[in-house]
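Here is how the chains run, residue by residue.
There are 4 protein chains.
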Amino acid sequence: MSSVTGKNIILSVFGESHGEAIGCVIDGLPSGVKLDFNRIYAEMARRAPGKDKTSTPRLENDVPHILSGVIDGTTTGAPLAMIIKNTNTKSGDYSNIMTVPRPSHSDYPAWVKFGGHNDVRGGGHFSARLTAPMVFAGAIAKQILESKGITVGAHILQIGSVCDVPFDKNGVTAEQLVTLSSKQFAVTDDAVEQKMRDEVEKYRLDLNSVGGIIECAAVGLPTGVGGNIFDTVEGRLSQILFGIPAVKGVQFGLGFDFASANAKQVNDGYEIKDGKVCLTSNNNGGVLGGMTSGAPIVLSVAIKPTPSIASPQNSVNLNTMQNTTLEIKGRHDPCILPRAVPVVESAVALGILDIISE
Amino acid sequence: MSSVTGKNIILSVFGESHGEAIGCVIDGLPSGVKLDFNRIYAEMARRAPGKDKTSTPRLENDVPHILSGVIDGTTTGAPLAMIIKNTNTKSGDYSNIMTVPRPSHSDYPAWVKFGGHNDVRGGGHFSARLTAPMVFAGAIAKQILESKGITVGAHILQIGSVCDVPFDKNGVTAEQLVTLSSKQFAVTDDAVEQKMRDEVEKYRLDLNSVGGIIECAAVGLPTGVGGNIFDTVEGRLSQILFGIPAVKGVQFGLGFDFASANAKQVNDGYEIKDGKVCLTSNNNGGVLGGMTSGAPIVLSVAIKPTPSIASPQNSVNLNTMQNTTLEIKGRHDPCILPRAVPVVESAVALGILDIISE
Amino acid sequence: MSSVTGKNIILSVFGESHGEAIGCVIDGLPSGVKLDFNRIYAEMARRAPGKDKTSTPRLENDVPHILSGVIDGTTTGAPLAMIIKNTNTKSGDYSNIMTVPRPSHSDYPAWVKFGGHNDVRGGGHFSARLTAPMVFAGAIAKQILESKGITVGAHILQIGSVCDVPFDKNGVTAEQLVTLSSKQFAVTDDAVEQKMRDEVEKYRLDLNSVGGIIECAAVGLPTGVGGNIFDTVEGRLSQILFGIPAVKGVQFGLGFDFASANAKQVNDGYEIKDGKVCLTSNNNGGVLGGMTSGAPIVLSVAIKPTPSIASPQNSVNLNTMQNTTLEIKGRHDPCILPRAVPVVESAVALGILDIISE
Amino acid sequence: MSSVTGKNIILSVFGESHGEAIGCVIDGLPSGVKLDFNRIYAEMARRAPGKDKTSTPRLENDVPHILSGVIDGTTTGAPLAMIIKNTNTKSGDYSNIMTVPRPSHSDYPAWVKFGGHNDVRGGGHFSARLTAPMVFAGAIAKQILESKGITVGAHILQIGSVCDVPFDKNGVTAEQLVTLSSKQFAVTDDAVEQKMRDEVEKYRLDLNSVGGIIECAAVGLPTGVGGNIFDTVEGRLSQILFGIPAVKGVQFGLGFDFASANAKQVNDGYEIKDGKVCLTSNNNGGVLGGMTSGAPIVLSVAIKPTPSIASPQNSVNLNTMQNTTLEIKGRHDPCILPRAVPVVESAVALGILDIISE
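Protein chains in written order, with the numbering used here: chain W, 829 to 1186; chain P, 829 to 1186; chain G, 829 to 1186; chain F, 829 to 1186.
Just so you know, these hints were derived from the structure itself, not from any lab.
It cannot be assumed that every hint is accurate.
Calculated pairs, SDA-like style, for lysine to any residue (alpha carbon to alpha carbon, straight line, at most 25 Å) [to be verified]:
#, chain 1, residue 1, chain 2, residue 2
1, G, Lys1101, F, Ser1139
2, W, Lys1092, P, Glu1155
3, G, Lys1092, F, Arg1025
4, P, Lys835, G, Ser859
5, P, Lys835, G, Pro1050
6, P, Lys1092, W, Arg1025
7, W, Lys1157, P, Gln1093
8, G, Lys835, P, Ser859
9, G, Lys976, G, Val1006
10, G, Lys862, P, Val1053
11, W, Lys835, F, Ser859
With the sequences and hints as input, model every part of the structure.
Okay, structure coming up:
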């Protein structure tokens, strides 16, 4: 029941949305890694809100402050601790949810689990704000992976009824992923961006929110890492990915499209190319038998609509045990997808770094 | 990189498809649990092949033989070790895959990972045969869960183009799940069975195979178990579920259907019923903030078409490094779904037992 | 290779002796625990240096600053993060050890392990200063344990040639342990304190240091917790205890005195007392078969002489690969025992809390 | 609370003394290791009883039967499962302990912990017989270590009042350890053997038993493995060593002799020898800051007198809750030390293999 993950690279995340600070400890990082802080800040800026109408106007001027594990910008091999002070918090906005749980949020089960002692302001420890330290840690993981020739990148595959062009599963390149990672609104087909923004705006004006799918890929992994039965690449990445609030599904390669497929169509054959064994297709998303197949890892995650909406919703008062109606004021994203892209990349990067570190 | 899972109830699975025996050790079981062996055998029989045309004609007369941890049919609290002898193995059927990896199987990455030392006969340790000890362990987990009022059950939601009626996510009952668990071909709408069998037969005759979706539910869990960030119910169940060969996606509640949904439609509100807090809908599949919400857990997994088909496929000869064509002889399931139902139930039961044991 | 410990209560410790801050994250604490901060500060003060001539004159005005997991002095159930700023650091004192490893310290193996990237100032992450967050976490663990009727306490059993009266292994009481915990110089027989102080002073004046033994007890544990084979109470406590710098041995009950003993003398029999099963003696230190026996846990740890002494020692210059002589300037304890008492108590309290939390 | 240990090489031990079989699963072994079974059998024979008057006359013709993970005598990389059938069991001998717990044994805490459901015959899962699979696993670990230039060996340092010559901590060699491992009665000074045998015989004739110390060393480890704070070499080895029944203390280097030592005497300096950094002494037993120092690992463990003796002892009847007297019939070792030597070696070998595998 913990906020700790990883076997070799152990990430411990702490903090509450409206507490004094959030942060993380990363234990097990290799020593001697020169960190590029501008790139770390850039990754965190991609996740930060307030950029445009798709996200909450809450401004987070998040400066990660490193307390240990780094000297002269280089990792020492000791645990790297980082904190981010919470500055722009308006607790008043949330005072009504102490007694009335927000639908589709963690509020009610957390109230039961912690006997009412948990910090409910802004979701407390369950807030999406806790993805900030994940992105910090993921940005470091990405730099270490790149030094080993591994690149991770993601894009918005779908928002509501608007879809981006999916990755060519067997042909996605590091260059393509790097380009995507540089975008604030990460889509493969730039023409799709405005359509997606329009879709989000439609829901925003309706005091509503909308879900979507993020597709993520990793190229450059060695073949045969991961496995066996209970240590599959799929299972290990999923455990971290489901740690991102709003993620409700994870699939690899064709995923749920395998349901209506047949083997002749979708089996991934082999061929010799330039003297090497290559896959002729990559419907399995780069993982076979729980191990990397040599093709790119391609996965996608389902993201539910932000549950916080200003429209009235049915809830209950936990003190009076009466039905009631809740209108969530405050600042919320009508669509979390654009900001979730670097979070998904980070989860995948951390998972892969942990897997290849054994 | 291990075949061990669980934090409190630790399952260690061993064996190869054509080795001497397969089995498992379950560590951490409570003492004093009277086991109903007929029910364990019944669960294992549901998974066993050879029942009809949907599965391989390989007959496995699998008798789980318990070596430790049980006295007079009651758990002692010491590790429970169980073995199943492999009797009906025909290694000759697989001799050609030593050098030619089967498409979409573990063969190639395992060959790289283990430097050619792994047992390749029938997939070795990566064979779906290793789901037999999972079902054994799951059958025990189900009995312990039932003593706590928790019931797990599953059905075939889809095979190719044929769909069963999905669970009423907020209304599925223990009785319904028990009924499903008693069926050899588990579907909610019995009229669907013949259509699904016809669908499978179509692919079988074409020397092909077909995928599908299994939907699984668990009712009776206490509210507020699971979480926090990296110990979500979703993540922990996924890690075990991806340990089932051919599983390529896991989703909770609406899962990927959240992508085109909006919050007004899909948010799960609350109401007071009989003096208790209840959800007005269960689109989140019983999990909020990684914790149980009090509504049934409802998840589904995507299963790819059995990769072993008798039709010719493109592969390579790892010795000569030449392209070649492979026709997989031997006994294979044209559709693994019917037999996979008890395996999915077992994975979910084991995961839930582990989660509620803390 | 981590600074993380615990299965249910996970403690992650971070920081370097001369870095910006040290601290910890405690994950898995129960919610709703009202913390007594004065007692936490008191425990930390017992460990803090500068009290008298037995310890380094380095003044640490250590104020633990809590960042998360506590509201209104009560645990929320979310990870509790705490930092202590390093204020009184004199890096200059240690500049010579960059190239010349201090004998009997972590310097040389850390230099090899981290390729010279580790923070060497004051031992960096390996500094005994990192026991401050351990004591903070232990002070919280002790409060939770006390609410369950479990008391932990320790005393200096030996310094050099001076010995204190050992615990009555089968009769030590909570009251006795509480009294010991209130002492800055924890000995059972107060007449021994001055003798021990004289012993330390003798070595201090000789620019030398001296070792000793700390004995620790815990009363009030339920019978039958701990075990099985690889999860013994002894093994789990030892793993944490060896995390304290300078600890080189751990023994339970008679420990190494069992070597010259025979069963007739030392077997712990049973008798009925007040209708309950009691042990007639407790030579096994409260642990049988790796589980608690119902008698007090009694263990002792060997502490080596502080390796930092001002006398000249043989070492090497890692740059020139020449032999050299090292005189360690700076502030050091001629005997670490008095300050190590609360650290040992903390390690034992954390271990016991983790064990009884399953 | 498990019988599972290890992070990278995961050992799961199962079975009861008088059950059908005991055994283990070793998960995470490298593939392609050619096993020398004669050496495995030889190690197991060293542990087997019935060799002479120092041990129980119970004959165990223990044949380890491998079920998986090995093909043609070579590891496949899949979990290696092994069972040993229990053949020579006389349950009648133990029937009286169902209700009367044996002093200093696991009986009473296990009865409480498992609610009376545990297998009590011969100690059940807590029997020293479970060290047979440990030795099997350790014999494999030793072979893998040797292929990396690492040798582990041990000897009886003390039985009662008779002592062997201790290891030269900084000079012990692989040759010396190999020689010791070939002896059935492992002592450095062969003249000591008869004295120790006489000491044991004295206690045997008195229906008594005697304790002792085993000293173990490992040479050839790389410098700088192990650590950080909670993953010290000392802590990790201790957790496994305390899994050996009767072990009550573990110390490294001088261990408890550090208590009366001073830094000038015992600090381990450095010098350049043949162009390499070497320690001038090894009082720390090869571990500094939790990491290997480059000098041999030298540790010793305290072993208590076998608690099973035929003399009458005070106990209670758990049914009637009356005091009673117990005379333990059956076959027992008057001194476990000779047979425990390969068990200690195995625990150390397994621990080191796990540590260097990260």
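Against the structure, the hints:
no.: 1; hint: G/Lys1101 with F/Ser1139; verdict: holds, 23 Å
no.: 2; hint: W/Lys1092 with P/Glu1155; verdict: holds, 12 Å
no.: 3; hint: G/Lys1092 with F/Arg1025; verdict: holds, 19 Å
no.: 4; hint: P/Lys835 with G/Ser859; verdict: holds, 21 Å
no.: 5; hint: P/Lys835 with G/Pro1050; verdict: holds, 22 Å
no.: 6; hint: P/Lys1092 with W/Arg1025; verdict: holds, 19 Å
no.: 7; hint: W/Lys1157 with P/Gln1093; verdict: holds, 19 Å
no.: 8; hint: G/Lys835 with P/Ser859; verdict: holds, 21 Å
no.: 9; hint: G/Lys976 with G/Val1006; verdict: holds, 15 Å
no.: 10; hint: G/Lys862 with P/Val1053; verdict: holds, 23 Å
no.: 11; hint: W/Lys835 with F/Ser859; verdict: holds, 21 Å
Comparing the model with each numbered hint stated earlier shows that all of them hold.
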